[in-house]
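Here the protein sequences line up with chains B and A, keeping their order.
Our numbering puts the first residue of the first sequence at 1, with every later residue one more than the last.
Our numbering puts the first residue of the second sequence at 1001, with every later residue one more than the last.
Treat each hint with caution, since some may be false.
[Unchecked claim] Examples of chain A residues toward chain B, derived with CB under 7 angstroms: (1) 1041; (2) 1051; (3) 1059; (4) 1063; (5) 1064; (6) 1066; (7) 1069; (8) 1082; (9) 1090; (10) 1107; (11) 1123; (12) 1130; (13) 1159; (14) 1165; (15) 1166.
[Stated by the list, open to error] To spell it out: a stretch of chain B is covered by chain A in this simulated footprint if at least three of its residues, at any positions, have a beta carbon under 8 angstroms from a beta carbon of chain A; those stretches are: (16) 36-48; (17) 160-170.
Calculated from the structure, these hints are not laboratory results.
A quick note: this is a predicted structure, and the numbers were derived from the prediction, not measured.
Virtual Cβ for every residue (Gly too), placed ideally from N, Cα, C.
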Amino acid sequence: MIQLLKAIGAWLDARVQLGSTLAEVAEHPVPRSSASWWYVFGSATLVVFILQVVTGICLATVYTPAADRAWDSLIYLNYQQPLGWYLRALHGWGSNFMVALMFIHLAQVFLFGAYKFPRELTWVAGCVLLLATLGMAFTGQVLRFDQNAYWGLGIGASIAGRFPFVGFKIVRLLLGGPIIAGETLSRFFALHVFVIPALLMAFVGLHLFLVLRLGINEWPMPGRIVRRDTYLQQYQDMVHADGEPFFPFAAQKDLVFAGLIIASLLIVAAVAGPIGPNGQPDPTIIQTVPRPDFFFLWLFSLFALLPPWTETFLMLVGPPVVIGILFVVPFISGTGEKSWRRRPISVVILLLVFTMIGTLTWLGTFSPWSPVMDAWSSAPTPIDYVKGRSPLELQGALLIQSKQCRNCHALGGEGGLRGPALDATATRLTRDQIVRQIIQGGGNMPAYGKNLSPAEVNAIVAFLVTMHPRGEPPARNSAKSATSF
Amino acid sequence: MDQSAEKTSRRTFLFRLGIVINAIAATVFAIPILGYVLSPARRFTWLDWIPLGLLIDVPENQTRLAKYVNPFKKPWDGETDKIPCWVRRMDGDKFQVFAINCTHLGCPVRWFQESALFMCPCHGGVFYADGRHASGPPPRALYQYKYKVEAGQLWVRAGEMPTLGKPEV
């Protein structure tokens, strides 16, 4: 049997003549120092991408990319198609895994100075892969055609609409028409399954080709400076003096890590199940709180927290500038030190970016800037706040519920976080200040002067002036008390 | 010698001819492709008069959710061709018809009758009953549709999702 296989192999190789090339690729020498557990993230990203292609093709055999059927076909996949739920889970969580691994790979490459001479174009190809992967994540979220997808498209269109002069034309191109509808989904389907995957495959090929041609980056040593005139020779010497064949010496760690990643993906998908879809993409169901997928939450937060007057400018100019900077990193610092121990500014930049994205993502998970739309009708008034209150004060407590104050103001830890919690209002504002704040608004609070009768304002204020912890006196107007003394 | 020079020039001529022919072919080929892909942007306007319902559906001094079917719908649009909007009746035949989309990033604003405010669930935009900006990040008041009253019916001129790039729906 083995004899036969060997004979077939030899017959094929005599005609295709790929054997020696493949062996050369597999056994090309790599620096001993680069066979490290730090160097496994790129190959793991590629492995997850291949899994995404496999599960994606499977899903495409059932998923129906038409606006009137897409949601139904997702529900069918989840509940009726045998193992449909699991393939959807693998594809959805696979996308999370892929984005996460890609960012870890990016951080590692940046920290290890792997983008420096002569590997500038490897980095540039990697940046294209980064954009294409995020493009897959966004278009994939649209194909999960539910309420979040619908309003996510609305957000995308509203950003595009801010372009001066041609904004509405870009919106129409994005949506494939005047509104989010059938042609919008079809456009995003074409992007998600044809255009961007083709781009990804082409650039994965280029990325790998460059890694093989230029050799994998050696472990950076402080003091080993990259110079354009000497580096190539140094690298050759290093590889010949102290190199090992890529397969199996370095590849074994890639293999082990990729195997672990596949195993964890299989487990996570089985435990957590498919992601969505949530409600039907019916725009007339407005009882919805649209949120993007995890990896775009930081952008969602940013749009809430940027000062409004900077927003249009930053939305339109920010992304090209940030992406542009990313692309030119190797042309700004293409030589010099590779070790993170000698590159404090790079380390600080990386830490700042990750802290910023992490913080914004964390804020996005509970979005304190959004009113809690049902707090007024669902959050109870703490018993302590109504005990022993006068009828007028109790009426004020009721008005705080019925006038939706709780949507933005918390009581006893429940309610919106948009405005300050009302639990200790009286320690911060005097009676007069509370009246003024309610009637005139300000500091991001709407003015309620027209929507409340004087009697209602009176009741609310009567309640709020009781809101101070026992033993802590209410705020008072020092000027007033001085004159009356 | 002469012969080989002639051969070379014929070869280069053919090669150049090949490039020219392909450049022309590619350009001609690109015209229908671009025309096809860019067609949604080429149309000048996507607006039409749409009946929104009877006047008696909205009492005076009230704001109600109304729905219409987009006039440029496709058979496979499903539910996405149904568009909601807020109708505010002031007195008599005086109305304001607001688009559902928040002027910040297009999320659906919700009307709260008790506090007479529109609130947005995404980034906390708030608008007064007449559509004016009350708080939060939105850069302008709610978008309004043009309307007319005919034979006891309220009509709006609509058809395109309003954005800051085309607010005059």
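Against the structure, the hints:
1. 1041: holds (4 angstroms)
2. 1051: Residue 1051/A check fails; min Cβ-Cβ to chain B is 17 angstroms, beyond 7 angstroms.
3. 1059: Hint on residue 1059/A: violated, closest Cβ of chain B at ~18 angstroms, above 7 angstroms.
4. 1063: Violated - the Cβ of residue 1063/A stays beyond 7 angstroms from chain B, reaching only about 13 angstroms at its closest.
5. 1064: Interface hint status for residue 1064/A: violated (13 angstroms vs cutoff 7 angstroms).
6. 1066: With Cβ-Cβ at 10 angstroms, over 7 angstroms, it is violated.
7. 1069: With Cβ-Cβ at 10 angstroms, over 7 angstroms, it is violated.
8. 1082: holds (5 angstroms)
9. 1090: violated (14 angstroms)
10. 1107: holds (6 angstroms)
11. 1123: holds (4 angstroms)
12. 1130: violated (10 angstroms)
13. 1159: With Cβ-Cβ at 6 angstroms, under 7 angstroms, it holds.
14. 1165: holds (2 angstroms)
15. 1166: holds (4 angstroms)
16. 36-48: Coverage by chain A is violated here, the residue count being 0 at a Cβ distance below 8 angstroms.
17. 160-170: Three-residue rule met by the stretch 160-170 of chain B, so holds; n is 9.
Comparing the model with each earlier hint shows violations of hints 2, 3, 4, 5, 6, 7, 9, 12 and 16; every other hint is respected.
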